[in-house]
Amino acid sequence: MTFKLFFGRIAMAWVNPIAAARSSAAPPSGPTIRDYLNRPRPTWDEVKEKLGKSKEGSHSLADWEKQQEENYKEDLRRHREEVLGKSKKSKKKKVSSSSQDSDSDPDSCDSFGRDKKFICHLFIFMYMFINYFKEKEKEKEEKD
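Numbering (mature numbering (1 follows the signal peptide of the UniProt record, and there is no 0)), first residue to last: -20 to -1, 1 to 124.
Calculated from the structure, these hints are not laboratory results. Be careful, since some hints might not be right.
What the hints assert, rightly or not - Derived lysine to aspartate or glutamate pairs resembling EDC-like cross-links, with alpha carbons at most 20 Å apart: (1) K97 with E54; (2) K69 with E117; (3) K66 with E119.
Claimed, not checked - What follows is a list of derived Cβ distance ranges for each label pair: (4) L56 with E122: 27 to 37 Å; (5) D95 with E26: 36 to 46 Å; (6) R58 with R94: 18 to 28 Å; (7) L64 with G93: 15 to 25 Å; (8) Y52 with F109: 14 to 24 Å.
The model shown is predicted, which means the values in this text are computed figures rather than measured ones. C-beta atoms are modelled at their ideal positions from N, C-alpha and C, and glycine is treated no differently.
Required output: the full structure, derived from the provided sequences and hints.
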């Protein structure tokens, strides 16, 4: 440190605290600011492609919903086959004189669209469900 004469007074030299801290500290390790600024950046086409992918959204939810829908359709089909199989067995055992409506035939719904076909099958199921309980009531009456 040097002393300077300033208007008849002795003054101490001023020391830059940042420079003093740098000189006494360990040398910096790792990337510098210059390295950070010179890092590789994506091109404009890559940015557009990435934005396009993010707008598409996640496919996992759509795939899961599609799988759930397929499982549900399969369950409905199996249940429908079980119910139709039971009703056909009961019809073979019991000969009835009443004629069956054409609406209860499962093949009669094939000419409709998807929504109407669903409603048609729903009515068939309801018809079979009601007939099942009517048969149960008749069996109870016959036992009594």
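- Can the suggested window of 27 to 37 Å be confirmed for the beta-carbon pair L56 and E122? Taking Cβ atoms as reference, L56 and E122 lie about 33 Å apart, which means the hint holds.
- Task: Check the following: the C-beta atoms of D95 and E26 are separated by a distance inside 36 to 46 Å.
- Result: holds (45 Å)
- Message: Does E119 sit within 20 Å of K66, going by the straight-line distance between their CA atoms?
- Response: holds (16 Å)
- Range hint compliance [Cβ, R58 to R94, 18 to 28 Å]: Since the Cβ atoms of R58 and R94 sit about 20 Å apart, the hinted range of 18 to 28 Å holds.
- Item | Given hint E54 paired with K97 - CA-CA distance at most 20 Å | At roughly 16 Å apart (the allowed maximum being 20 Å), E54 and K97 satisfy the hint.
- For the pair we were handed, K69 and E117, check the Cα-Cα distance against 20 Å. holds (18 Å)
- Message: Range first: 15 to 25 Å. Now tell me if the beta carbons of L64 and G93 are that far apart.
- Response: 22 Å Cβ-Cβ, so the 15 to 25 Å window holds.
- Could you see if the CB distance from Y52 to F109 stays within 14 to 24 Å? holds (19 Å)
Of the numbered hints listed earlier, not one is contradicted by the structure.
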